[in-house]
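Engineer: Chain by chain, the residues run as shown.
Protein chains: 2
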Amino acid sequence: MNFEDRLKPVADEVDATIELYFDKDPDTLEDAMRYAVLGGKKLRAFLVVESCALHGVPYKEALKAAAAIECIHAYSLVHDDLPCMDDDDVRRGKPTVHRAWDEATAVLAGDALQSLAFVILGGLDLPSDRVLSAVIGLATDAGKDGMVLGQARDIAAESANDPLSLDAITALQAQKTGALIKWAATAGPSLAGDDIGPLEAYAGALGLAFQIADDILDEIGDEAKTGKRLHKDADAGKATFVSHFGLKGAQAKARSLVAQANDALCVYGAQADGLRAAANFVISREH
Amino acid sequence: MNFEDRLKPVADEVDATIELYFDKDPDTLEDAMRYAVLGGKKLRAFLVVESCALHGVPYKEALKAAAAIECIHAYSLVHDDLPCMDDDDVRRGKPTVHRAWDEATAVLAGDALQSLAFVILGGLDLPSDRVLSAVIGLATDAGKDGMVLGQARDIAAESANDPLSLDAITALQAQKTGALIKWAATAGPSLAGDDIGPLEAYAGALGLAFQIADDILDEIGDEAKTGKRLHKDADAGKATFVSHFGLKGAQAKARSLVAQANDALCVYGAQADGLRAAANFVISREH
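From first to last, the protein sequence lines are chains A and B.
Position 216 of the first sequence, counting from 1, maps to 216 under the numbering used here, and the rest follow consecutively.
Position 40 of the second sequence, counting from 1, maps to 40 under the numbering used here, and the rest follow consecutively.
Because the hints were derived from the structure by calculation, they are not lab data.
Glycine included, every Cβ here is placed at the ideal spot set by N, Cα and C.
Careful, some of the hints might be misleading.
Unchecked claim - A short list of chain B residues far from chain A (calculated; beta carbon distances all over 10 Å):
id	residue
1	Asp25
2	Ala100
3	Asp111
4	Ala117
5	Pro127
6	Asp129
7	Ala156
8	Ala157
9	Pro189
10	Leu217
11	Gly237
12	Lys238
Unchecked claim - Among chain B residues calculated to face chain A with C-beta under 10 Å, some are:
id	residue
13	Asp27
14	Asp141
15	Cys266
Produce the entire structure from the sequences given, and follow the hints as far as they go.
Structural biologist: Here you go:
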């Protein structure tokens with residue numbers, strides 16, 4: 001089965017879960033939030049659902065945890081697209097939120113999506129202490145020591161005189177993209193009170209492979225397929241994994257990281273085939 | 001004792017609590033966050049601390065809950081001040097975050113302050129189920145059904161053809177300002193597992209009085225004392241409590257609401273004098 005055919009039903013169920021938190025008669029704010037969060041690949045949601053299945057977390061609760069991280073991811077995209085940040089007009093093949101509405105609505109919809117993530121995650125019907133750990137973990141990984149820090153450093157890099165070193169890019173990406181991927185992939189053992197070690201190792205390699213693949217897509221991707229503006233980094237003269245390793249070197253590095261990610265799953269045997277497929281997808285995707 | 005002399009030590013201890021979550025060697029993002037959240041009256045923090053004292057919540061935990069709501073309040077001010085929102089240059093007598101740094105830093109600092117609120121609140125050393133309820137409550141009151149909704153409606157009102165009715169303004173303010181004030185004033189009984197009824201009634205009246213007082217300040221306040229731009233509503237031709245009630249009528253309404261708020265505290269006797277002083281302060285403050 002094509003991996004995207006595997007993502008689709010999970011994405012649909014996560015969207016249906018998110019819809020439950022909206023009014024039947026939504027206003028502009030809720031319209032903009034739904035526009036931003038519904039649809040999309042929902043790769044992070046898939047990681048949550050697979051990780052939860054490996055550790056016996058009930059599917060319904062897994063869907064809520066998946067919905068929560070997708071709210072965080074969606075809010076970060078809405079804010080990243082703002083004119084004062086990446087200034088993008090297109091996302092997932094549609095006008096960005098500030099283009100479809102206006103900047104104020106985009107700021108507020110992003111803000112409210114972040115809040116909604118914690119409403120949804122806080123409501124998991126699992127032991128309170130584990131849910132609380134998941135809340136603290138998500139807030140930490142999303143905030144000033146994780147995703148937002150990575151984003152701030154990424155923006156700072158654009159106006160810096162010297163291109164970032166490979167170590168600096170790796171650290172930045174571990175924050176910007178890696179932190180949420182780690183939270184998603186380790187959600188199952190975290191919520192079950194099990195050892196997160198193997199999935200943490202998987203997520204570390206996967207997160208880096210994901211970002212290298214993003215840099216490759218930015219270089220050689222097709223805007224019609226990605227549904228977003230490309231060649232931004234090269235145009236901005238920014239250091240990326242591709243500028244450091246070269247295109248072929250970056251591709252080889254991404255393949256090696258995926259092999260490493262999949263090796264980390266050996267303790268799970270064939271049960272982790274979904275996560276293996278996700279890792280393979282990350283470096284072969286065209287969007 | 002002057003009420004502001006009573007706020008100061010609480011504000012200082014809340015600031016010290018927040019500082020614990022920052023690195024000793026902060027970067028630009030953390031500098032901007034600290035600039036936004038430290039200082040200020042910290043009235044919401046005072047409500048949390050007093051409410052917790054009434055219900056036996058340990059002071060150290062009360063300070064953390066107070067720190068959390070001040071992070072939410074500070075993030076909302078940073079985003080509200082953005083050019084695409086209220087476009088303000090001055091806040092608490094200092095340049096706003098996007099003036100002191102830039103818009104991208106203001107968006108990100110606000111985003112990370114919201115995350116930090118949930119890191120801090122999630123870490124309360126109290127029974128997990130109660131902490132989790134507090135997290136869900138704060139996320140709900142801050143988000144699309146509370147503060148952010150009120151803000152979105154407030155912005156929509158500025159470009160509407162017809163001024164808002166009194167009922168619409170009252171509902172909007174219950175979301176924009178009232179929701180967080182209610183969370184703050186009921187934090188004690190919520191975290192202790194006690195009845196929130198009396199403090200919820202206090203907070204409902206106080207929140208409305210607070211907003212009427214804000215409208216009065218916007219009309220007759222002194223910018224040197226408030227440390228922010230005034231007369232914005234009148235300049236924008238916006239409906240306010242003052243435009244509906246007239247200045248004297250608004251002042252009388254605010255006084256009557258404060259009396260109502262204080263009546264709701266009768267079950268606590270003299271122990272609630274701090275909250276009574278807070279209510280009296282709200283309608284007599286000059287900033």
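Engineer: Indicate, hint by hint, whether the structure satisfies it.
Structural biologist: A quick look at each hint next to the structure:
1. Asp25: holds (13 Å)
2. Ala100: holds (15 Å)
3. Asp111: Given that some Cβ of chain A is not farther than 10 Å from that of Asp111/B, nearest at about 5 Å, it is violated.
4. Ala117: With a cut-off of 10 Å, Ala117/B comes too close to chain A, as the shortest Cβ separation is near 8 Å.
5. Pro127: violated (8 Å)
6. Asp129: Asp129/B not clear of chain A: closest Cβ-Cβ about 4 Å, inside 10 Å.
7. Ala156: violated (7 Å)
8. Ala157: holds (12 Å)
9. Pro189: With a cut-off of 10 Å, Pro189/B remains clear of chain A, as the shortest Cβ separation is near 18 Å.
10. Leu217: holds (23 Å)
11. Gly237: For Gly237/B, whose nearest Cβ neighbour in chain A is about 18 Å away, the distance exceeds 10 Å, so it holds.
12. Lys238: holds (15 Å)
13. Asp27: holds (7 Å)
14. Asp141: For Asp141/B, the interface hint holds, since the closest Cβ of chain A sits about 9 Å away, which is under 10 Å.
15. Cys266: With a minimum Cβ separation of about 33 Å from chain A (threshold 10 Å), the hint on Cys266/B is violated.
In terms of the numbered hints stated before, the structure departs from hints 3, 4, 5, 6, 7 and 15, listed from lowest to highest.
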